[in-house]
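Mind docking chain Y on chain Z? Use the hints.
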Amino acid sequence: MSRSQNAVELCALLVDETYGELTSRIFTILLRRGKLPIPEISRHTRLGPKATRNGLAVLIQQNLVYYHAGKKGPTLYEVNDGAAYALARSGKVIEFVESRYGAFARDVVQNLLLFGHTKVSDLAEAYASQQKQAANGKSNGHPVANGVNGHTNGNIGSGGHMDGLLVELLELGLIEPVVQRMFRNPADIKDELEADITANEIAGGSIKGSSKKKEQLQGIVDERLKRIEMEDCEWRSKVLKRPVNGVLTNGVNGSNKKRRLSHGGSVNGDHNYEDDGTRLDVGYLSFLKQNESPNLVIRINHEKCAVLLRNSQLVEAVKNRLGDTTSQIYAELLKHLEKKIPKCAYGMTEDEYQDRPTVSTRDVASSLSKSVNVSLGIGKTIGEGPKSEEVAGAKLGSPPVNRKRKAGDLEGSGNEDEGDPPINGNGNSHEVDQDVDDVFADAPAVKPPKRPKVTFQDKLPEPEGLHSREDRIYHIKEHMALLADDQYGFLKKEADGQARVIQKIREAEIDKLVLEMFGPAGHRLVRMLRQLGKLDEKQLKDTTLMKQKDIRTKLAEMQLSGWVDIQEVPKDSSRGANNNRVIFLWFFDNERCSLLVLDQTYKSMSRLLHRLNVERRRAKSVLELTHRSDIRDKPPEEYLSPTQLNELHAFQDREEMLLGQLGRLDEIVGIFKDY
Amino acid sequence: MSFRGGRGGFGGRGGLKGATWEQDEGLEAEARKIRQNKGVKIGLFPEHPTGANVKKPKPLTAREKCQIRHLKALQEQIHRGPLYSQPTKRNVENPIKIFGEDQFNAQYGSDKKATMDPFTEGVETYSDRYAPPKNLVPKLSGRPFNNRLFPEELWSTLNGEEENAKRQKTLILNGSRTRQKLKDPASKKADMLARIDAIAAGDEDLEELDEEEQEEEPMDDDFDDDELGDDYNAEQYFDNGDDNDDVDAGGEDDY
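Chains Z and Y, in that order, are what the protein sequence lines are. Under UniProt numbering, read the first sequence as residues 1 to 675, first letter to last. Under UniProt numbering, read the second sequence as residues 1 to 255, first letter to last.
I should point out that these hints are in silico values taken from the structure, not numbers from a laboratory. There's no promise every hint is true.
Stated by the list, open to error - Covered by chain Z, according to a simulated footprint, are these stretches of chain Y (three or more residues, beta-carbon under 8 angstroms):
no.: 1; stretch: 60-68
no.: 2; stretch: 72-78
no.: 3; stretch: 129-141
no.: 4; stretch: 145-151
Unchecked claim - The list that follows gives simulated cross-link-like pairs (lysine-lysine, DSSO-like), each with its CA atoms no further than 30 angstroms apart:
no.: 5; chain 1: Y; residue 1: Lys72; chain 2: Z; residue 2: Lys339
no.: 6; chain 1: Y; residue 1: Lys139; chain 2: Z; residue 2: Lys50
no.: 7; chain 1: Z; residue 1: Lys512; chain 2: Y; residue 2: Lys65
no.: 8; chain 1: Y; residue 1: Lys56; chain 2: Z; residue 2: Lys504
no.: 9; chain 1: Z; residue 1: Lys673; chain 2: Y; residue 2: Lys72
no.: 10; chain 1: Z; residue 1: Lys538; chain 2: Z; residue 2: Lys571
no.: 11; chain 1: Z; residue 1: Lys620; chain 2: Y; residue 2: Lys56
Backbone N, C-alpha and C define an ideal beta-carbon position, used for all residues, glycine too.
So that you can see chain Z by itself, here it is in the shape it has in the complex (with noise of 0.2 angstroms):
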């Protein structure tokens, strides 16, 4: 995979910000150099053996470099630039873990990304440090280091506590079992499958023409990938079988299996629901233990974790375009399948695409927190009435996207805009954007929709005796029409379509993107291109209403930036000066601009990154202080002069800001990469 020269110097920065310099030298040689082995990198390093190795270690410890080593041959060493990108997002992991499984789950998995790959046994032991430390009064640096004491504290002797969280972890796949096959790179294991199976069965087979090969191969080379796949999963549900059912009756709440394994211990009142989980994971530990479970080794699974980040990404663009409520609906619907997707391009092929993940209403209307109240955020016709319409039209302003209100939303959308200040920070251009969204906007709404108009009233088992319950669904079906009837198409009837979703949120960043740079002009102009694809300069003047002077010089702009570009269609053979006989038709490529938005975006992140370290060098004599082993754990207000403090604050003020802007950023690139 050739990686562009932002996304190496980013990476390279993300690894010696956050493992050191003597890594990230090995790091940028491998990333520049492909594949090498020891001698190799010590040679471009300028790095002595034992530097190498112990780097290397780390590296491989981490999980940033793969190796190969093969029969014969020396081992080579590759790295794996996803692993290094995932760094900058660990921050959200982390957050994402505590909202949900709250401190002690945050502090395991901080833990797991501090180790790299773990062994659980070893993990257990690191735990158990850590709390004899945070009882010595050390908080580890924690800020929230009251939260933390008075979470180990209530937990302090029940490691079978650990190993539930860590069965929960691992059923989500948040964290997976590591085997020896991760620290390949996984194109290199299909290239081995296609040479192998070249070489072996159709070499030898009676199959002929090239092209009938190819797709043989093909075939054969998926099968055996998805039966390596396989192995590795029926290893994990081996393990974790008995557990499974534990978590889930306890969800359930209503097992009495839970209750007998809690008799066998002192269970005193106040840790009452926290040892149920305990005792019944005491149960399953020594199930654990017969398995050499504590030998298992774990770490944290990335490409689940993106598929966590892009979940709370669709809930934000719901609630961006259809209010609160369907939001936290579409929430938890996205909490019931999360489990089922393992990575976020799940779904692309066709066999995955027939067995996609499924949830039915009853079940998210059954798990739905009774605090929200699901009769708001629906009107009495949905999608419906060019009145209503009209009054949507009053708030279009503010979004920077072409959102269109659904007319239902109206009820629920009062307090809707409160987190969502305006991005275009001129008035001025809200005015043409509306304009822009009345004529152009509603032309799809008058198409009919590409997918049939879904209703979920085949799914829908009707509860007999439970009225408010009965209500409650049908007022969650509402929501789901909502989401399923939806431009973005955010729901399928039996499915959701996600791939496509994030399509239409790209377009939807492009858009954003455009109009900051090019105006409503610009924006209009790129809407009009996507829509009708390739247009010539006469055919674009008529459909857009604008003068052919604006619109040339709008497209040579956004030409010379990269963001629409011009194909020419020669009538004759001859192309010569003589321009009357070519014709040029100016076109609008979403992936191409994708490329391009994801480009600067790296750069635009290792810029902050070497801004940060500006930072830190300019307030260097603070930190020095501050990072002092002596008083590196006391609240800086304690021994720090007003002066030292003011700058001190300052700088974390600055640190935040940047890394908050990285953060953003990195939302960007999950969008147009890894989502």
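Coordinates of chain Y only, in the frame set by chain Z:
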């Protein structure tokens, strides 16, 4: 477009000889006039290239702040851990442009003593003992590794780190171990006995011994800081002298 050209002319006049950077009342008055006439916002200075709309980002949400806090905490932990390697980069303040690998490598790993600033860091202070440890090479000895998941050629690095270091040290302290053995028949005898014992205990052990001895040889001492630091160790100075005498004596025995 035309209006931009006009402004260019405006600026051109300001750039004439004799023009100063001081505030020019006449110029400002003129600008005010234009502003009033055209109803457009024109200042003395050209607009920022991206327009006056350099926007401030939205304030961070609570969730984002939380994410940042976690990221910082994690990085802090990693930086304190043994796997982090400190930067050794030269002239960080004004970096040069880099065109090739040689230049890229040249900016690292400079000798600290050569580039030290004698006014700020030359004199050791008491509080230096609290300074965070600066390891240039990640330390692997402090934590367990799963060898199974590493390539075989790195296993020695992962495990034997501590043992090798110790052995190297002993080697350095004693000068040459083998020669000493030659000189002292008692120790030689003991060694032989130990070997015989080892053979009695099992062949594997002996093999292991041999392997370990083989491993010692190719180890590179380039990065062993201890060795460099020992040059100024007075005690060792005398030790070495003794050793040398012994070696000479041994040599005589041989002849």
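* Please name the hints from earlier in the document that this structure breaks, with their numbers sorted from lowest to highest. => none
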